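Asker: Listed below are the residues making up each chain.
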Amino acid sequence: MMSFSKKLCGVAGAAALSLLTALPTWAQDAATAAAPVPDKGDTAWMMISTVLVLAMILPGLALFYGGLVRTKNMLSVMTQIGAVACLAMLVWVTYGYSLAFGPDASDGLKPFIASLGKLFLAGITPDSTAATFTDGVVIPEYVFVCFQMTFAAITIALVLGSVVERIKFSAVMVFALLWLTIVYFPIAHMVWAAGGLFFEMGALDFAGGTVVHINAGVSALVACIILGKRMGYPKEPMPPHSMTLTVVGTGLLWVGWFGFNAGSALEANGSAALAMINTFVATASAALAWMVAERVAGHKASALGFCSGVIAGLVAVTPAAGNSGPFGAIVLGAVASVVCFFAVTVLKPKFGYDDSLDAFGIHGIGGMVGAIGTGIVYAPSLGGPGGADYAIGGQLVTQILATATTIVWAAIGTAIAIFIAKAVTGLRVGPEVEQEGLDLGEHGERAYNY
Amino acid sequence: MKLVMAIIKPFKLDEVREALSSLGIAGMTVSEVKGFGRQKGQTEIYRGAEYSTNMVPKIKIEVVCDDDLAPRVVEATQAAANSGAIGDGKIFVLDVGQAVRIRTGETGETAL
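So the sequence lines, in the order shown, correspond to chains A and B. Counting in the numbering used here, the first sequence runs from 1 upward without gaps. Counting in the numbering used here, the second sequence runs from 1 upward without gaps.
Calculated from the structure, these hints are not laboratory results. Note that the structure is a prediction, hence the values are computed from the model and not measured. Using N, Cα and C, we set each Cβ at its ideal position, and we do this for glycine too. Be a bit skeptical, because a hint or two may be false.
[Unchecked claim] Partial list, derived from the structure: chain A residues whose beta carbon lies under 8 Å from chain B:
| id | residue |
| --- | --- |
| 1 | T79 |
| 2 | P234 |
| 3 | L304 |
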């Protein structure tokens with residue numbers, strides 16, 4: 001399952017095939033050596049999964065985050081999310097895909113980054129294929145490029161959750177470009193590409209708990225600390241302007257997450273089915289667990305608590321999606337939910353940082369619980385798909401090492417990217433714009449004209 | 001002429017309107033307002049961040065009637081808007097100097 005390799009035999013294979021069919025005497029040999037042909041079912045599923053992940057960003061995350069800010073900043077959040085997602089798509093096809101999944105770089109660099117051999121998607125044609133987790137099963141490489149593209153796009157969008165309501169739009173764009181280049185592409189390579197650091201360590205990460213969630217969460221924390229708090233935080237009330245839209249966004253995120261998690265099997269098979277059921281039940285248990293935690297803390301069970309629990313569960317089950325049995329996933333979701341509840345209600349106020357929409361509190365913390373928990377729930381004794389000789393202890397060390405490396409890489413890379421963005425753009429809007437709202441000040445629009 | 005201004009709980013609006021209609025009151029002005037008195041606001045909690053809202057939503061009704069009718073308007077409003085709980089609101093009665101019907105230019109009580 002985790003032995004994904006990026007070797008691409010399609011291009012060469014197709015060329016060889018066309019040569020050989022002209023030479024009938026060799027045809028028999030050619031048949032045995034023929035490159036695998038993508039299955040239409042796998043291909044269709046991966047295309048659907050890809051656009052499901054797009055729906056997580058627009059409108060899912062845009063509504064989820066948008067509903068949580070004040071009325072005067074609604075459009076700025078939606079615009080930032082849309083714009084960075086588009087930027088990520090263009091950067092991805094230009095050089096991001098190559099840096100993450102391109103041909104091997106020199107031996108020293110190989111664990112951290114690939115080469116620029118596929119700059120501008122060089123050499124990729126409709127006949128190119130990408131390997132899946134099953135030997136001899138491939139999908140069209142363009143589909144793989146698109147699927148991975150949406151992951152880059154949503155990750156940078158997630159980071160913005162901590163800096164909304166005060167960051168300049170220009171700063172968002174500069175930061176996104178730098179962050180994708182020095183943080184996302186290397187970590188994606190480390191986790192998913194053969195030869196990558198975590199890949200070779202044998203870290204379990206089914207759908208990107210480290211690359212997407214720990215990475216986005218830690219980056220969000222570092223970014224919001226450097227950027228500073230919103231004016232008036234935490235004394236002035238800053239309640240969500242529309243919990244309704246946040247619930248709608250939550251629903252879209254959950255639906256889209258099936259593309260994210262089950263799609264990460266890269267095939268329409270039993271592994272995808274396992275990821276699917278886990279994406280249901282871990283999330284369900286996390287949603288209820290958050291509301292129970294609210295009651296235990298003496299509050300009412302709330303809609304925002306429900307939504308937060310859903311997201312915490314989805315985040316935690318991401319690395320575990322195809323690496324856990326359903327009941328392992330249920331426990332993992334509940335544990336992550338309660339830990340995240342603690343992080344956003346106790347830890348955040350205690351330290352006083354303004355992670356405005358809890359990108360760190362839910363994606364960072366939930367991602368860490370998920371990444372480390374995956375090492376536990378993978379065990380066959382707990383219903384996981386691991387082999388009979390699976391050793392929890394050794395795997396936990398690997399999971400923790402991968403998590404720690406991601407934290408350090410993301411923190412340093414984000415600090416560099418934010419300081420450069422600050423030097424270029426000034427980073428933060430002026431106090432008048434912040435008071436009046438970023439919708440008018442940065443975009444010249446209002447979200448609602450009654 | 002008197003202006004009877006009543007600040008009431010929003011869900012009592014229909015009962016008050018019916019009570020006043022049955023007295024022959026032919027028109028009123030209604031606004032959504034916020035304020036506070038003895039009734040305290042609600043506490044809202046979002047991911048652990050508590051906000052106490054000290055303003056409570058209310059409905060303000062304004063009715064102008066002739067002097068004789070005013071006590072009965074006050075009485076009917078008080079009866080209809082009463083739920084017996086804190087926060088039922090207040091009624092104020094003010095003197096009105098003049099009334100003009102814009103369409104016809106009629107003045108005084110005939111303009112009501």
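Asker: Quick check on A:P234 please, does its C-beta sit within 8 Å of some C-beta on chain B?
Answerer: 7 Å, holds
Asker: Can A:T79 be said to touch chain B, with a Cβ gap under 8 Å?
Answerer: 23 Å, violated
Asker: Let's test the interface hint: is any C-beta of chain B closer than 8 Å to that of A:L304?
Answerer: 5 Å, holds
Hint compliance for this structure: hint 1 alone is broken.
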